[in-house]
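Chemist: Residues per chain are reported as follows:
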Amino acid sequence: MSMPLIETRHLKKYFDTPRGLLHAVDDVNLTIPKGKTLGVVGESGCGKSTFGRVVLRLLEATSGEVLYNGENILTYSREQMLKMRQKMQIIFQDPYASLNPRMTVSEIIAEPIRVCKTITGNDAIMEKVDELMQIVGLADRFVNTYPHELDGGRRQRIGIARALALNPEFIVCDEPVSALDVSIQAQVLNLLMDLQEERGLTYMFVTHNLSVVKHISDEIAVMYLGQCVERCSSDELFENPLHPYTRALLSAIPEPSLEARNKKQEVIRGEVTSPVNPKPGCRFAARCPYAKPECMEKDLEFKEVSPGHFVACVLHG
Amino acid sequence: MEERLLTIKDLYVEYITDDARVFAVNGIDLAINKGETLGLVGETGAGKTTTALSIMRLLPEKVGLIKSGSIVLNGKDVTKASEADMRLLRGETVSMIFQDPMTSLNPVLTVGDQIAEVLELHKRHKNKADVEARVDEILKMVGLPPERKHDFPHQFSGGMKQRIVIAIALACEPLLLLADEPTTALDVTIQAQVLALMNELKQNLNTAMILITHDLGVVAQTCDRVAIMYAGEVIETGTVEQIFSGDEHHPYTVGLFESIPDLKKKTRRLHPIDGLMPDPTDLPTGCKFHTRCPHCMEICKTELPKPIEKDGHLIRCHLLEGGGRKAEGSETL
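Quick mapping for you: the protein sequence lines, in order, are chains A and B.
Residues 129 to 445 (the working numbering) make up the first sequence, in order.
Residues 969 to 1301 (the working numbering) make up the second sequence, in order.
Check before you lean on any hint, since a few could be wrong.
DEER-style ranges, computed between Cβ atoms [stated by the list, open to error]:
1) B:A1164 - A:E326: 40 to 46 Å
2) A:D268 - B:D1279: 46 to 52 Å
3) B:K1108 - A:Y224: 38 to 44 Å
4) B:M1265 - A:D268: 27 to 33 Å
5) B:E1141 - A:L386: 55 to 61 Å
6) A:E325 - B:E1085: 53 to 59 Å
Which chain A residues stay away from chain B? Per the calculated CB distances, all over 10 Å, these [what the hints assert, rightly or not]:
7) R137
8) R181
9) S191
10) K211
11) I253
12) E277
13) E347
14) D427
15) H444
Computed footprint of chain B on chain A; a stretch qualifies when at least three of its residues, placed anywhere within it, have a C-beta under 8 Å from a C-beta of chain B [unchecked claim]:
16) 312-325
17) 332-341
18) 364-377
These aren't lab readings, by the way, just hints derived from the structure by calculation.
Think of the CB as a built atom: it goes at the ideal place given N, C-alpha and C, for glycine as much as any other residue.
One chain only, chain A, in its complex shape (with noise of 0.2 Å):
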């Protein structure tokens, strides 16, 4: 198999609170191949937006590693870093709080091309930017006007226009479209794909919503608790569902269709547990309706139980 573009190790971050250690992301392995994306789906507070910001050095690991092309970026000074970024790009969720109100479009959009100096001149400068806002489709009338006269779809594609700046291989999405309304987000979830295809992107897109995980993701990985639970094909992970956290997950979107309505759903119980100084053991097992003692005594390992399908649960491997 070729090199994956990605690749994380033992990837750990830890937050030091007043009340303990909070494991936001632990332990987490997970490669996205050239090209590709890898989906990361998980209810709130389980990690995956921090794993996202570390994967790009935002944020600090406490430890572990994160090799882009093979190499450990981790390590890298400030110099070679700011030549990385170049390389990967992210674009955040809420398109009200991630633009600078005091910036017109055209501004922001071409930021990341003066602080990188990856083109210089005014006018070739606004040359980019035009042809950028081409891409994702935002008309030439908007170069002057501010975020705050734009709706959310359109910030968005602004969003979008200035991660692909420096033309990235490699672009995190956190959680793009879960700010916008269906109609919007269909649009925006298009746009992504089309830059996919025409680029060769590679993306990893966080996201709560299942049904556009599956949509747009080649693998995905399920998070809980800062761990990654169980990880496969996108299309093995709605047919062949193992974790039982998965499987709960699946059962609790509410389907569009009629022929579910009378379907009896496995609701599960509870809620996440605190991420703070967590037990050793299965953090699921708690809410878990299969849970045996041997779930809490020791951390599970995170198996391959068929070609390509990864799960850490005591049912399985």
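With chain A held as given, fit chain B onto it using these hints.
Modeler: Same frame as chain A, but now just chain B:
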């Protein structure tokens, strides 16, 4: 014939601001029977919340105005009721659950006090002990241990807060519950818990409900009837079966369904509706959807389509006029 609880006739609501008049609701008709659940679906700015606030008469003072039309709730026209009457009506006949449980609770009162407040205002119980007993009962009903009534809202998680909000809304067993995106702020597993709870309570108390949402999945699972709103108008209503399986729909409804990724089918591309919702200060003439509609005809640009009915399934579209109810619209489905 089932008993009618709420009838909205030809309701127009406007917001008047310094620089513009916002046409939020433009002539909607809705009806709901006792014990029934109506799903009110539409995108941001479609006028769903404004409709609910009009029923509660909670539109922002001086800015939000009910221009014309009537809202008859349990035999009483709330558009003409006095403020004193409205205070009695709210909580007892109709109550509302807001979208964000984090901001709809009072942070400086214990949750027990907040539930008791409703009971005391409506003088349902004679003495304090009775009120306390009822608070315990209500908390148990929504699946929270009664001991936690002395806790403050910040000590609860989002899902639990939403349960408390539901407890407050149902404390006086209202006839009608307006739920404005009650689960949008929650995670899917918690959403499933809250929806199951609401379904169960609704059946036990025989409360009618208007569920405002943009999630068609939630609608399919909980509602009896559906009304789809666009730019302040109801463009299609019918039973869930008619909306989710019927073979004739408003082009906007079709667009909405094609915008959601299907978990079962494998499609590489979605087919979203082009363009954006029209600006409510400057609505297009004729059919409000004509600027985005793939089947737009000349008549759509000038004339507002009349609702056409078949077995209670109402669609407002020129495509269905003439030719009985068989029209070009069906090709696209």
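Chemist: Now, for every hint given, state plainly whether the structure supports it.
Modeler: Here is how each hint holds up against the structure:
1. B:A1164 - A:E326: 40 to 46 Å: 44 Å, holds
2. A:D268 - B:D1279: 46 to 52 Å: 49 Å, holds
3. B:K1108 - A:Y224: 38 to 44 Å: 40 Å, holds
4. B:M1265 - A:D268: 27 to 33 Å: 31 Å, holds
5. B:E1141 - A:L386: 55 to 61 Å: This hint is violated: roughly 30 Å between Cβ atoms.
6. A:E325 - B:E1085: 53 to 59 Å: 57 Å, holds
7. R137: Correct as stated: the minimum Cβ-Cβ distance to chain B is 29 Å, above 10 Å.
8. R181: Answer for R181 of chain A: holds, closest chain B Cβ roughly 20 Å.
9. S191: 29 Å, holds
10. K211: Holds, since 34 Å exceeds 10 Å.
11. I253: 29 Å, holds
12. E277: 12 Å, holds
13. E347: Holds, since 15 Å exceeds 10 Å.
14. D427: At about 23 Å from chain B, D427 of chain A clears the 10 Å cut-off, so the statement holds.
15. H444: The assertion about H444 of chain A holds, with a minimum of 21 Å to chain B.
16. 312-325: Holds, because 7 residues of the stretch 312-325 of chain A bring their Cβ atoms closer than 8 Å to Cβ atoms of chain B.
17. 332-341: This one holds; 4 residues, not fewer than the three required, reach chain B with a Cβ under 8 Å.
18. 364-377: holds (count 3)
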